Amino acid sequence: MSQHTAGLAIETAGLVKTFGETRAVDGVDLAVPAGTVYGVLGPNGAGKTTTVKMLATLLRPDGGEAHVFGHDIVREADEVRSRVSLTGQYASVDEDLTGTENLVLLGRLLGHGRRTARDRSAQLLAAFGLTDAAGKQVKHYSGGMRRRIDIAASILSTPDLLFLDEPTTGLDPRSRNQVWDIVRAVVAQGTTVLLTTQYLDEADQLASRIAVIDHGKVIAEGTKGELKASVGAGSVHLRLRHAEQRPEAEQVLRLALDADVQPDPDPVALTARLSAAAQDTAAEQAARALGELARSGIVVDNFSLGQPSLDEVFLALTGHDTGTGPGPDTGTGTGTDRTDTDSDSTKDGVAA
Amino acid sequence: MSTATTTEAQELAPVSAESLAALLVTAERPARPSALSTSLTFGWRAILKIKHVPEQLFDVTAFPIMMVLMYTYLFGGALAGSPEEYIQFLLPGILVMSVVMITMYTGVSVNTDIEKGVFDRFRSLPIWRPSTMVGYLLGDVLRYTIASVVMLVVGLVLGYRPDGGVVGVIAGIALLIVFSFAFSWIWTMFGLMLRSEKSVMGVSMMVIFPLTFLSNVFVDPSTMPGWLQAFVNNSPITHLSSAVRGLMAGDWPGAEIAWTLGWAGLFVLVFGPLTMRLYNRK
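As you go down the protein sequences, you meet chains A and B in turn.
Read in order, the letters of the first sequence are residues 1 to 352 in my numbering.
Read in order, the letters of the second sequence are residues 1 to 282 in my numbering.
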C-alpha cells in the first residue's frame, strides 16, 4: 500500500498475464483517477478483458502489481471485491432467472434484507424501464435489455468502482446512447468507471482519460484532446464519378488540405486524413476541399466526413491496423459512420 | 443472441436518469452477509432454476422408479425367491445406489454454468467463497429428497414393509442425503476441472458404476470371491447401504453409521478444498 497515490481508484505497475505462450497483458501501467470515467480502448484480443478480470480479482496476475483504492488485488482481494462491481462483456446475469429474481439474488448476496432486496430491485427495474420485463427470464431479453439488467445488477449497492467491459458491443445506436446515459448518471454520483471499448467515439463520449492498448501494452495514454491531436481530426471520404480523375483529385486535396491522401481499393474512392493541427475545424477543411475539387472540374458523387476510426487511431499510433479486417460488420472498419448493429459481435472477442 | 430478436422489436421504455440518480444516492451499503445466508441464497437460486426448468426433475422421478421396478423384478425371483421377498432387502440398497448416481448431475450443472458470464459476477462478490458451490449442493439436496421419497413410495406399493417405521425410514434417508451432499464435492471438482459436459459425464460414469455395483446393494458380499470382498466390504457405498438398511429395519447400526459419516467427512475435507482451489483459479 505504500506506493498508493491518493486520489487514484486504480493503480497498476507492470501488470502481466500470460496464457501459455501468449502474453495477453504485457506490462500494463494505469493510473485511474477516482470519480472519473477512464476509457481503455483497443481491438479484440488487445488484453482489455484480461486486464479488467485481473483488476476485478477474477484472474491472478503473473507479474507486476495493482491496487484498487489502495488495496492490493491479490493480497487484499476481498477488500477489492467489496468496492467494485463488474459488468462483463457478455451478460453477467443468470439467463434462466427472471429480471427480478436476478436482482433479488444479487441484492441478497450483497447483504440486503429480503425486503430491501425486493424493493430495490423493483426500483431499479423501474428506473431502467424494465418493469414490464421483470417477470420474464433474461434469456428472452433483447440485447439492449440485457445490458440494462446487467448494469442494474452492478449498481444494486452503489459501487466505488464499476468495470464496464465493452458495454455497447452489439447494441443498436439507440440502445448504445441509452447505455451512455446510464454511465453518465452513475458517474455523476461519484462512482469511478473503467470502461473498455473498441469504439473511439464511445471513449470520446464518456471518458475523460483514455488508454489505448494493443497486444497487451498501453501504446498511448492521455486526455481525449491529447489523444486526438496525435491521431488527427478525422477523415474525408470521397467517391468520384470518373476513376480517371482520381490522381488529379489526390493532387488537389493534398494542396488544399495539407493532408495525407490515400486511394481506396475502390478505383473511384479516396480518403484524406485531416490534420488536427490545422487552424480550422474538420468541417471547414472539408468544405474547402470540396470547393477546390469543384474548381478543378472534378465531379464528386459522394462525400462523407468521419471521426477517426479505431483503425485510424491504430494506424497513427502503431503503424499497423487493428487486425480485425475491414469487413463492415467488425464495427471497426474504415467506414466513416459505424452503425453496425450486428448483434453477434458480442460472441467474438470473449477471449480478449 | 438468436433469442434476443423476439423482444427486440418492441419499444424499450427510456431510462429514467432522475430516478436512477436518486437510487444511487440512497443506496446504503449493507453489512457483509454471513456464509450461511449466502449459501442459502445460492440454494434458492438452484431451486429457482428447477422452477423454471421443471423437466430437470426427470432424473429424480422417472429414473428412480425405473430402477426400483427393474431390479426388483429382474433379480427378485432368482435371488430371494420372489420380488416381494427381495424388495425387503433391495429397497434401501437401490435407494442408495440411485441417489448416489443422481449426484453426478451436480458436476454437469457446475460445468455448464461456470462458463457463463454470471459466474464472473459471483466470483467478484465479497462473499464466503464456497457458498456458490454449497448453493448447488443445497439445491441438489432437494433433488435427492424428491428421489428418495419417490422410491420409497414405489417400494411401499410393491410390498416393502420397513420394520424401523417412520423414524427409521427418515433416519435412513437423512443419512443418505448427508452422505450424498458430501460425496457431491467430487463432482463439483470434476465439473470445474474438466473442459466439457461430456467429459464430466464420462468420468462420473467411470467412478459411479464400479463404486455402486461393487457393493452390497444387490447381494450379500459373502458370496463374492475374497479379493472382491476386500473391496466391497470397505467401500463407502457398502457402509452407507448397510447403515441405511439397518436404520430402516429398526436397528441401530452404530459402526456402519460412523463409517458412513467418516467417509462423508473425508470427501468434504479432500474434495471441498480441491473444488475451491479450482474455483478460485478458474
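Be aware that a few hints might be false.
[Said to hold, decoys possible] From chain A, some residues computed to sit far from chain B (all C-beta separations above 10 Å):
hint	residue
1	Glu101
2	Leu255
3	Leu290
4	Leu315
[Unchecked claim] What follows is a set of in silico ranges between Cβ atoms, one per label pair, in the way DEER data are often shown:
hint	chain 1	residue 1	chain 2	residue 2	range
5	A	Ser304	B	Gly202	41 to 49 Å
6	A	Asp264	B	Arg29	50 to 58 Å
7	A	Ala13	B	Asn280	17 to 25 Å
8	B	Glu197	A	Arg114	28 to 36 Å
9	B	Lys51	A	Asp72	35 to 43 Å
10	A	Gly190	B	Val149	27 to 35 Å
11	A	Asp260	B	Ser199	24 to 32 Å
12	B	Pro14	A	Arg295	31 to 39 Å
13	A	Phe19	B	Val207	25 to 33 Å
14	A	His140	B	Val178	23 to 31 Å
15	B	Ala78	A	Arg114	33 to 41 Å
16	A	Asp62	B	Leu142	26 to 34 Å
Just so you know, the hints here were simulated from the structure itself, not pulled from any lab data.
Model, not experiment: these values are computed from the prediction.
Glycine residues also receive a C-beta, built at the ideal position from the N, C-alpha and C atoms.
Verification of the supplied hints:
Look at glutamate 101/A: its CB is around 6 Å from the nearest CB on chain B, not clear of 10 Å, so calling it non-interface is violated. With a least beta-carbon separation of about 48 Å from chain B, leucine 255/A lies farther than 10 Å from that chain, consistent with its non-interface assignment. Separation of leucine 290/A from chain B is adequate, the least Cβ-Cβ distance of about 38 Å exceeding the 10 Å criterion. In this structure leucine 315/A is separated from chain B by more than 10 Å, as the shortest Cβ-Cβ distance comes to about 31 Å.
The hinted window of 41 to 49 Å between serine 304/A and glycine 202/B is violated, with their beta carbons roughly 56 Å apart. Between aspartate 264/A and arginine 29/B, the C-beta spacing of about 54 Å keeps the proposed range 50 to 58 Å intact. Under the hint 17 to 25 Å, the C-beta atoms of alanine 13/A and asparagine 280/B, about 23 Å apart, fit the expected range. Range check, glutamate 197/B to arginine 114/A: Cβ separation about 34 Å, and the 28 to 36 Å hint holds.
For lysine 51/B paired with aspartate 72/A, a C-beta distance near 41 Å keeps the hint of 35 to 43 Å intact. At about 53 Å, the CB distance of glycine 190/A to valine 149/B disagrees with the hint of 27 to 35 Å. As the Cβ distance of aspartate 260/A to serine 199/B is approximately 54 Å, the hint placing it in 24 to 32 Å is violated. Roughly 48 Å separates the CB atoms of proline 14/B and arginine 295/A, a value that falls outside the hinted 31 to 39 Å.
Judged by the Cβ atoms, the range 25 to 33 Å given for phenylalanine 19/A and valine 207/B holds: they are separated by roughly 30 Å. For histidine 140/A and valine 178/B, the hinted distance range of 23 to 31 Å is not satisfied, since their beta carbons lie about 38 Å from each other. Alanine 78/B and arginine 114/A have their C-beta atoms about 56 Å apart, which leaves the hinted 33 to 41 Å range violated. Take aspartate 62/A and leucine 142/B: their Cβ atoms lie about 41 Å apart, and the range 26 to 34 Å is violated.
The earlier numbered hints that this structure contradicts are 1, 5, 10, 11, 12, 14, 15, 16.
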